[in-house]
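Residue-level listing of the chains:
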Amino acid sequence: MQALGPDPFFHALALAWSDNILTATEFAQLDALQTALGLSDIERARIESKYEDALVAGTAPKGESAESLVKWIDAVRALKNVHPDISSGLARRLGATALRAGLHPCGYIVAYDWMTHLGLDRPFAEGAWMVGGAAPALKAVPLALAPVAHTLNLFE
Amino acid sequence: MTVPDPDNESESSDGEVDPFEELGVQANPSNASVSDGLAAFMDDDEDDDTESTTEPIIESEQEDDDDDLFATLGVSGPAVALTSSGEDDILAAFMEDEEGEQEEERESPQSEEATSETPVQPEAKEAYRMVLETVWVDGVLDPGEVNLLARKRQDLGISFEEHLAIVRDMLG
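Heads up: the protein sequence lines correspond to chains W and U, in order. Plus 11 on top of the position in the first sequence (first one is 1) and you've got the numbering used here. Plus 1365 on top of the position in the second sequence (first one is 1) and you've got the numbering used here.
None of these hints come from the bench; they were simulated from the model. These numbers come from a predicted model, not from an experiment. For every residue, glycine included, the Cβ atom is placed at its ideal position computed from N, Cα and C. One or more hints might be untrue.
Below, simulated EDC-like cross-link-like pairs (lysine to aspartate or glutamate); rule was C-alpha separation at most 16 Å, straight line [what the hints assert, rightly or not]:
1) U/Lys-1517 x U/Glu-1527
2) W/Lys-150 x U/Asp-1454
3) W/Lys-150 x U/Asp-1453
To be clear about the criterion: a stretch of chain U counts as covered by chain W if any three or more of its residues have a C-beta under 8 Å from a C-beta of chain W, and this derived list gives those stretches [to be verified]:
4) 1497-1506
5) 1520-1532
Okay, chain W solo, but in the shape it has when bound (with noise of 0.2 Å):
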């Protein structure tokens, strides 16, 4: 899954357009992921701006379908939700997995602040630098985590 977008809830909100609709029940979807993911709602604010506005310029990248959201917000609150020690693993492992393929400096930092807004950059990081000793590779990801995985180039 290519990221549509520089953060998680940009990447919601292309699939939520998917159709160029943007119905009530996505937008209470939309409602859970800005909880999931402890947006403010000026920060939301300020991503649905951004969006609008690539929306407005004809620029708006946008999903399959509308059906990826409900997955993509199932992906993003599990592993929001389960204990961060495993999802800190993960995210480690992930940034690993990311030098043994070589870290390039665009794919690294967007997805370095993808991590961050998923509350992972820290481990992440370690995991890229390793700090701490080289962590075990992934040989697969959450579909959470899919999009900062195409970003690093770790999908064939």
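On the provided structure of chain W, position chain U as indicated by the hints.
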């Protein structure tokens, strides 16, 4: 709409209720190539027995413990397989080193914390930045270069936080 009711989350966060059962998260990954979604996040052939000092990190546990931890994850929905880099793990050497130098590795973050108490000279930061720019000049960092940077940080008394700030400033 399958997005769970947020009201249930407070109940799940106390550890008494499996959050993924409450969330109705599927236990089967969608990717057909992944027979066990939890195992999919693991590397079978590696793990170390390093015990975390300040943070309980899953890769520091035994393999079985890893399985348990990932089992707790409950395969959070679909999993996506990554590109396999082949049999050889280019970080294997660093992982083997870690076995013999666990204490040194453990001390590394602590020493970075300790050095952060004393102000780092601007010259040191500038020197580190130059090293960073030099090793990244080809557009890709490899494990050897990352290891070199870690040693350079230690030499210059630069903390990991300062390193991250320098990277951010450099790439930002």
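Exercise. If any of the earlier hints don't hold here, list their numbers in rising order.
Key: none
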